[in-house]
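Number of protein chains: 2
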Amino acid sequence: MTASDWLHENFDPAGSSIGFRIKRKLDEVQSPFQKIEIYASTDWGNVMLIDGAMMVTTRDNFLYHEMMSHPALFTHPDPKNVVIIGGGDCGTLREVLRHPGVAKAVQCDIDEQVTRMAEKYFPELCESNGDPRAEVLFDDGIAWMKNAAPGSLDVVIVDSTDPVGPAEGLFNKAFFESCFRALKDDGILVQQSESPLVLLDLIKEMRAEMGKAGFTTFQTLPFPQPCYPTGWWSCTLARKGQGFDFREADARAKDFATKYYSADIHKGAQSLPPFVSEALA
Amino acid sequence: MTASDWLHENFDPAGSSIGFRIKRKLDEVQSPFQKIEIYASTDWGNVMLIDGAMMVTTRDNFLYHEMMSHPALFTHPDPKNVVIIGGGDCGTLREVLRHPGVAKAVQCDIDEQVTRMAEKYFPELCESNGDPRAEVLFDDGIAWMKNAAPGSLDVVIVDSTDPVGPAEGLFNKAFFESCFRALKDDGILVQQSESPLVLLDLIKEMRAEMGKAGFTTFQTLPFPQPCYPTGWWSCTLARKGQGFDFREADARAKDFATKYYSADIHKGAQSLPPFVSEALA
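Chains as they are written, first to last, in full-length UniProt numbering: chain L, 1 to 281; chain P, 1 to 281.
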C-alpha cells in the first residue's frame with residue numbers, strides 16, 4: 001500500500017460509498033464474531049472497520065458519541081443507571097460518564113476484541129474505562145438485557161453496528177421488550193438508527209418494533225457523521241410515557257466540554273426536515 | 001462498466017471520498033472550461049460530475065438548492081432582484097423563483113454546456129427556466145458582477161464549484177467588492193462555503209475576504225449533502241448592516257413545498273456546533 005491509497009466502504013443498501021485516504025494498515029484481528037481492521041489515514045487519524053464497514057475515525061467520532069449520549073441523558077429527568085449495549089470502542093461510555101449524576105454505567109459488548117483494539121488505537125475513547133462507576137462487560141447484550149432486573153434502568157443506549165451479523169437481534173420486538181421491562185417508568189431507550197436520507201424505512205420499522213414492545217413516544221435526531229454512509233446519521237429515542245422533556249437549562253449549564261453537542265444543537269435536531277417528518281408520520 | 005461498478009470522487013484536500021454505485025455512463029462533454037460527465041446510478045438517479053467532482057444527483061440535490069436560496073431570501077426584507085453566479089444546473093434558479101415577490105432572477109454561468117446537460121438529464125431542475133422573470137445567461141460571472149449597476153441587487157447567490165479552476169476568482173476580495181457595490185444597502189450575499197468539518201479554514205478565509213470588501217455581518221449555515229465531500233456542507237451569508245432578521249413568520253406561511261428547508265430547519269441551522277463557532281470566532 002502506498003501513501004496515496006484510498007480505502008472505500010461501498011454500502012450496498014444505499015448504493016453509496018464513503019472512503020478515506022490511507023497511509024498504512026496498522027492491525028487486523030478476526031474475532032469469534034467479526035473481522036476488525038485498523039488503518040492510519042492521512043487526514044482522519046486512525047480508522048476502525050468491522051467486517052469492511054467504517055466504524056470510528058479519530059477525527060469524526062465525537063459527532064456520533066456525543067449524539068448517542070447527551071440528548072438522552074439531558075432528556076431523562078435524573079439518569080443514574082445507564083447501560084450501553086454494544087459500544088465496544090468505549091466512546092459512548094466516556095460521554096455518559098461526563099454526567100456527574102450517573103451512578104453506574106454498564107457497557108456490554110459481545111466482542112472483547114473491539115475494546116482491545118480501541119484501547120490500542122483510540123486510547124482517548126477509553127480514558128474513562130477505569131472510572132469506578134464504569135463496568136465493562138464482554139457478553140451477549142441480548143441475554144444481558146433479558147436478565148436485567150425489571151424497572152432497574154434509567155437509560156439504555158444501543159450503540160450497535162448495522163442490523164446484520166451480531167447486531168441483527170438488537171433491532172426487533174423481542175429485544176425491545178427486554179429493554180422496556182428493564183427500564184423504569186420514566187426510562188429512555190436510545191438507539192443508533194442509520195441514515196435518515198436513505199434508510200427511512202429502517203427507522204420506521206425500528207419505531208414500529210419499539211411500539212409493539214410497549215414504547216409510546218419516539219424522537220429521531222439527525223446529525224452529521226462523515227464516516228457513515230451518506231454522511232448523515234441519526235439516533236432514535238423511545239420512552240414509555242408521553243413527550244420528551246428536554247432539560248434545556250441543565251444542558252446549558254453542563255460543566256463539561258462538547259465539540260458538537262449543545263443545548264441549541266439538541267433543540268435544532270428536534271425539528272426534522274419535512275421529507276423526514278412526513279415519512280415518519 | 002458492469003451493474004456493480006462504483007464511481008468515487010477522492011477529494012484530496014480532505015483526504016475523504018464519496019461515491020455512488022453506477023449503472024452506466026450516459027454522456028460526456030469537454031466544454032471550453034471543464035469536463036462534464038453524466039452517469040446513471042442504481043439508487044441516486046442521475047449524477048453529474050465536473051472535472052471528476054460530484055456536482056448533482058437527482059436524489060439529493062434538493063438539500064443544496066433549498067439551502068442556497070431560501071435562507072437568504074427569507075432573511076432579506078423584500079427580495080426582488082436576485083442574481084445567481086454559477087448555478088448552471090438551474091436548481092437554485094428554480095427555488096428562487098418559488099418566491100412570488102421575486103421580480104427578476106438572473107442566472108449567469110460561464111459554461112453553457114452545464115445547462116444543456118441539466119436540461120437533458122435533470123429536466124426537473126430546469127422547469128422554471130421559461131419563467132418570464134428568469135434570465136439565463138452564459139457569461140463570465142466575475143465580469144457580469146463588475147459591470148452590474150451599483151445598488152441594483154437585493155440578493156447575490158454564488159452557486160459555484162470548488163475554489164479551483166473556473167470558480168477560483170469567485171472566492172476573493174475583488175469579486176466580493178463587485179458584489180458589495182452591486183448590492184443595495186440591505187442586500188445579502190450568499191455563497192456555498194464547502195464542508196464545515198474539514199474546510200473550516202476556507203470558510204474563515206472567505207469571511208475574511210468578504211470583510212475586506214466591506215461586508216460586516218456573516219452567518220454560516222450547515223446542512224447535509226451526501227454527494228459532497230464528508231456529506232456535510234454549508235452556505236455563508238454576508239450583509240452590509242448588522243444582524244440577520246430572519247422573516248420567520250413568512251417562512252412558516254410560505255405557499256410552496258420544500259423537502260429539507262423549513263422555518264425550524266432555518267432556525268436550527270443558525271446554531272453552530274461549538275467546534276465550528278469556536279473556529280469562526
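Check each hint, because a few of them may be wrong.
Since the list can't tell identical chains apart, any single copy or any two copies may satisfy a pair.
[Claimed, not checked] Pairs of lysine-lysine residues, derived as DSBU-like cross-links and limited to a Cα-Cα distance of at most 30 Å, are as follows:
hint	residue 1	residue 2
1	Lys120	Lys184
2	Lys240	Lys25
3	Lys204	Lys23
4	Lys204	Lys146
5	Lys120	Lys173
6	Lys254	Lys204
7	Lys120	Lys23
8	Lys204	Lys267
9	Lys25	Lys173
Hint data in this document are derived by calculation from the structure and do not stem from the laboratory.
Being a predicted model, the structure only gives us computed values, none of them experimental.
Hint by hint, here is what the structure shows:
1. Lys120 <-> Lys184: neither (36 Å within a copy, 58 Å between copies)
2. Lys240 <-> Lys25: neither (45 Å within a copy, 51 Å between copies)
3. Lys204 <-> Lys23: Between. Shortest inter-copy distance 28 Å satisfies the 30 Å Cα cut-off; intra-copy 39 Å does not.
4. Lys204 <-> Lys146: within (24 Å within a copy, 51 Å between copies)
5. Lys120 <-> Lys173: neither (36 Å within a copy, 47 Å between copies)
6. Lys254 <-> Lys204: Answer is between; shortest inter-copy Cα gap is 28 Å, intra-copy 32 Å.
7. Lys120 <-> Lys23: This pair counts as within: shortest intra-copy Cα distance 18 Å, inter-copy 41 Å.
8. Lys204 <-> Lys267: Both: 22 Å inside a copy, 26 Å across copies.
9. Lys25 <-> Lys173: Classified as neither: same-chain Cα gap 39 Å, cross-chain 43 Å, threshold 30 Å.
Checked against the numbered hints given earlier, the structure breaks hints 1, 2, 5 and 9 and satisfies all the rest.
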